[in-house]
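Participant: Chain residues, written in single-letter form:
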Amino acid sequence: MVEKRSSGKLEVSLPSDKEILLTRVFDAPRHLVFETMTKVDYVRRWWCCMDGFKMTVCDIDLRVGGKYRYVMVGPDGNEVGFRGEYRELVIPERIVHTEIFEPFPDNPALVTLTLEERDGKTFYRSLVLHDSKEARDMHVNSGMEVGANLALDRLEEVARSLSGTNRGSGTSATHSQA
Amino acid sequence: MLAERLDATFAALADPTRRAIIARLSKGEASVMELAEPFDMSQPAISKHLKVLERAGLVSRGRDAQRRPCRLEAAPLREATDWLQRYADRMEARFQSLDNLLEELKEKENAHGRKKK
Chain A
34 MVEKRSSGKL EVSLPSDKEI LLTRVFDAPR HLVFETMTKV DYVRRWWCCM
84 DGFKMTVCDI DLRVGGKYRY VMVGPDGNEV GFRGEYRELV IPERIVHTEI
134 FEPFPDNPAL VTLTLEERDG KTFYRSLVLH DSKEARDMHV NSGMEVGANL
184 ALDRLEEVAR SLSGTNRGSG TSATHSQA
Chain B
303 MLAERLDATF AALADPTRRA IIARLSKGEA SVMELAEPFD MSQPAISKHL
353 KVLERAGLVS RGRDAQRRPC RLEAAPLREA TDWLQRYADR MEARFQSLDN
403 LLEELKEKEN AHGRKKK
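Listed in order, the protein sequences are those of chains A and B. At the far end of the first sequence sits residue 211, using the working numbering, and the numbering has no gaps. At the far end of the second sequence sits residue 419, using the working numbering, and the numbering has no gaps.
Just to be clear, a hint being listed does not mean it is correct.
Stated by the list, open to error - Listed below are the simulated EDC-like cross-link pairs for lysine to aspartate or glutamate, each with C-alpha atoms no more than 16 Å apart in a straight line:
id, chain 1, residue 1, chain 2, residue 2
1, A, 42, B, 391
2, B, 408, A, 150
3, B, 408, A, 152
4, A, 154, B, 405
If you are wondering where the hints come from, they were derived from the structure by calculation, not from laboratory data.
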């Protein structure tokens, strides 16, 4: 395994009641980042990262109108599936696709992924637009249930960071109230 | 409801003055006068912000009739940061696996010149 590089931590914010914005820097050129996000053999290597989880389905038909489906299975045998359709495709810089969390097929989200290359680094930006605040919150909540398996216990650190006495950018939880 | 509490918390935190008040109170309790000091703001203006924070359960006021010191209530803040942070942590774990894969691909590419797959 290659050692971890400092690529800059993921930042998550809530730009509006229906959106989630993820931004991150990858220390790699854009064409490689694009490949790792769109080729089956590569997606299988990173998408399912949690202990005890296995990726059982990874189908990608990368063309406008083409579909994808990702499924992982947990240690308890429960399946977690996502699927969607590609709506726009500009290789290797932009993908717009729908995303359906399979237990809730009536709440598709629209994801706009852009990759920008600067000085050999790739700036990743993913804007997830839900059709309601409830669906958006459910999406964030899904991290709580699955995330419980990661035994994350860093509340103190996070509370400190939000109050501005420590690294602040990782939790820019701005939220515009309608 | 968790969702309603989170809404109140995020709305209260949407203002920079209120975030600065929270930051100040994270270092210990303070009176309204002490809180107003670093800001170019009147005490009534600060009191208004404090009321919003109080309603969201982020700040409580002491009984001392003279000073009524303000203190930070950490629980709702933790609930809110935890909510978004757990999601971010899960995604970050995934992206760290991706970092490792990218390092491997970069090395491969350097070894073979810039041969695209």
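Participant: Would the pair residue 408 (chain B) and residue 150 (chain A) pass a check requiring their Cα atoms to be no farther apart than 16 Å?
Facilitator: 15 Å, holds
Participant: Are the Cα positions of residue 42 (chain A) and residue 391 (chain B) separated by 16 Å at most?
Facilitator: 10 Å, holds
Participant: Hint check: residue 408 (chain B) vs residue 152 (chain A), CA-CA at most 16 Å. Holds or violated?
Facilitator: 15 Å, holds
Participant: Tell me if the straight-line CA distance from residue 154 (chain A) to residue 405 (chain B) falls inside 16 Å.
Facilitator: Distance ~12 Å between residue 154 (chain A) and residue 405 (chain B) Cα, so the pair holds.
Comparing the model with each numbered hint stated earlier shows that all of them hold.
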